[in-house]
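**Q** Sequence:
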Amino acid sequence: MTHTDHLQGQYSDSLLSLVKGKALYEGDSKTAFQEIAEAAAGTLNVERASIWMFAGDQTKIQCVDLFEKSKSWHSEGAELKAVDYPAYFAAMDQDHAIDAHDAHLDPRTSAFSQSYLRPLGITSMLDAPIRFGHTIIGVICLEHIGPARHWSSEEIIYAGSLANLVSHAIEARKRKIAEQALRESEQRFRDFAESSSDWMWEMDEHLRFTFMSDNIRSIGMNPEDLYGKTRRDIIGDQSNDQKVREHLQTLDDHLPFRDFEFLRVLEGREPVWTRTSGIPVYDQDNNFKGYRGTAINITDRKELEAARDAAMVEAERANQAKSEFLATMSHEFRTPLNAILGFSDMMRGQYFGPLGSDNYRDYANDIHHSGNLMLALVNDVLDIAAIEAGKRSLANEHINIKALLANCIKSIEQAAVTAGITVTSDVPDNLPTLYADKRSVTQILLNLLSNAVKFTRTNGTVTASAEFADGTFTIQVSDTGIGIPPDKLPTITQPFTQSHPDPHRSQTGTGLGLSIVASLVDLHQGTFAIESAVNKGTTVTVVLSSQDTTAG
Numbered sequence: 006m007t008h009t010d011h012l013q014g015q016y017s018d019s020l021l022s023l024v025k026g027k028a029l030y031e032g033d034s035k036t037a038f039q040e041i042a043e044a045a046a047g048t049l050n051v052e053r054a055s056i057w058m059f060a061g062d063q064t065k066i067q068c069v070d071l072f073e074k075s076k077s078w079h080s081e082g083a084e085l086k087a088v089d090y091p092a093y094f095a096a097m098d099q100d101h102a103i104d105a106h107d108a109h110l111d112p113r114t115s116a117f118s119q120s121y122l123r124p125l126g127i128t129s130m131l132d133a134p135i136r137f138g139h140t141i142i143g144v145i146c147l148e149h150i151g152p153a154r155h156w157s158s159e160e161i162i163y164a165g166s167l168a169n170l171v172s173h174a175i176e177a178r179k180r181k182i183a184e185q186a187l188r189e190s191e192q193r194f195r196d197f198a199e200s201s202s203d204w205m206w207e208m209d210e211h212l213r214f215t216f217m218s219d220n221i222r223s224i225g226m227n228p229e230d231l232y233g234k235t236r237r238d239i240i241g242d243q244s245n246d247q248k249v250r251e252h253l254q255t256l257d258d259h260l261p262f263r264d265f266e267f268l269r270v271l272e273g274r275e276p277v278w279t280r281t282s283g284i285p286v287y288d289q290d291n292n293f294k295g296y297r298g299t300a301i302n303i304t305d306r307k308e309l310e311a312a313r314d315a316a317m318v319e320a321e322r323a324n325q326a327k328s329e330f331l332a333t334m335s336h337e338f339r340t341p342l343n344a345i346l347g348f349s350d351m352m353r354g355q356y357f358g359p360l361g362s363d364n365y366r367d368y369a370n371d372i373h374h375s376g377n378l379m380l381a382l383v384n385d386v387l388d389i390a391a392i393e394a395g396k397r398s399l400a401n402e403h404i405n406i407k408a409l410l411a412n413c414i415k416s417i418e419q420a421a422v423t424a425g426i427t428v429t430s431d432v433p434d435n436l437p438t439l440y441a442d443k444r445s446v447t448q449i450l451l452n453l454l455s456n457a458v459k460f461t462r463t464n465g466t467v468t469a470s471a472e473f474a475d476g477t478f479t480i481q482v483s484d485t486g487i488g489i490p491p492d493k494l495p496t497i498t499q500p501f502t503q504s505h506p507d508p509h510r511s512q513t514g515t516g517l518g519l520s521i522v523a524s525l526v527d528l529h530q531g532t533f534a535i536e537s538a539v540n541k542g543t544t545v546t547v548v549l550s551s552q553d554t555t556a557g
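In our numbering, the protein residues as written are 6 to 557.
To be clear, the hints were calculated from the coordinates, so they are not data collected in a lab. There may be inaccurate statements among the hints.
Claimed, not checked - Taking CB as the label site, the calculated pair distances span: (1) 329 / 541: 39 to 45 angstroms; (2) 192 / 76: 42 to 48 angstroms; (3) 187 / 25: 24 to 30 angstroms; (4) 234 / 79: 57 to 63 angstroms; (5) 304 / 534: 40 to 46 angstroms; (6) 318 / 294: 46 to 52 angstroms; (7) 329 / 361: 44 to 50 angstroms; (8) 121 / 79: 16 to 22 angstroms; (9) 263 / 496: 34 to 40 angstroms; (10) 263 / 329: 43 to 49 angstroms; (11) 347 / 546: 39 to 45 angstroms; (12) 239 / 263: 17 to 23 angstroms; (13) 180 / 276: 45 to 51 angstroms; (14) 475 / 255: 39 to 45 angstroms.
Glycine is no exception: its CB is placed at the ideal position from the N, C-alpha and C atoms.
Construct the entire structure; sequences and hints are all you get.
**A** Below you can see the structure in the form of structure tokens.
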């Protein structure tokens, strides 16, 4: 065996020993670097073996391991900058080994002579580039102390092989980091899946389920039983359901979907309502790979919604029955009331002779007054009942608002004068006619004016106004009365609600006035608003649309 053959055997044994080491392929780059540096120093019999890696923008290299054989000692952290050693960095960029027989004179390494080589006694250098793919990422540096040394081709090849092992160690380290990140990501996914009330699922490109998190067991299903099945298999025969057909088409079209709700019919168990959302998944070549999504059991919510809907239907039925009852009773009340009013009016007029005592006339007046109050109540109740029962129809016609408002003011004028209240109106002469139900508009105006007078103190004022703009009429009634407390405003239009429910108050009324106004405005598809401040007054605004307008 020749000397060269002997050396090549040593080099092969060294490389084989490194390849068998766990550190190289398990991602322990620090240990792998140390083993490579020690093998290089021992096999080539050099004092120093180091591994350097480019940092950042390739303008400097940093030592990740330096082994000094005589001390059997490892260190790291030194740094070389391209700006200080341009010839050396330019040589590294040539992508081949730097075999400097006399490192002090070699133009590639001579810049190290005074500051580095002479102080350490280094005479010769052999540096092999470390490649990752087609990119140079570092260098393995072998430094000889003693007489100048000529590097053989076998030694240069061996140094290059060591550089390749460094590259493998770096690749293994990156793979280990990626695998760890993948494991952590998978663990996070599992943690989220297990802690959520939802369950996660995945489909392949054939829309077959390939993954289902364990939370689906909460509805009595095993994930394994679903693998290989499609949504069609799970839903079963629901082809008559339009939403199901649309969802299945969405899956076929590979489109995202959100909050699809469907009924699972499980053998031996109660049906389960499920809500699911999903997004299509594509690879880097835009090939469809399947779906990922989440689902949740919404059976409880569906049952609550069904109970709520049933309660609403029952409430509507009860409300309808109440309205019909009130309407019937109101009609029944009118007959005896009309008799009471008629007979009391005859007694007041003494049509069949004098009553005698003045007390009888007073009693007759009281009966007539109370009968009128009762009739007003019955009429209000009848109106509310008719509106709520949907029996109040509208007979639209052209209405002269200025004239109608004047008539309404005249109707409440005596009550206002008696209470010491001034009532004024502000309506332009050229206001168009309002196309609406005259009876309803009259009720709206009378109720608003009566309410304003009723709740305004002596020496107060009530102002009514109307204007037309952009196809709508705005009618306002303002007063300087007692106002409405803020906590009463939200419910002031509910039937039988009054702003000041004081049993000792002097104002009378049913609490239906504003409720009737609001209902009639709503029947006309208008808007109704109240602004009020206690002890300052109230302004009620009614806005009615009038598509058919004619100058009044």
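**Q** Find the hints from earlier in the document that the structure breaks and name them by number, from lowest to highest.
**A** none
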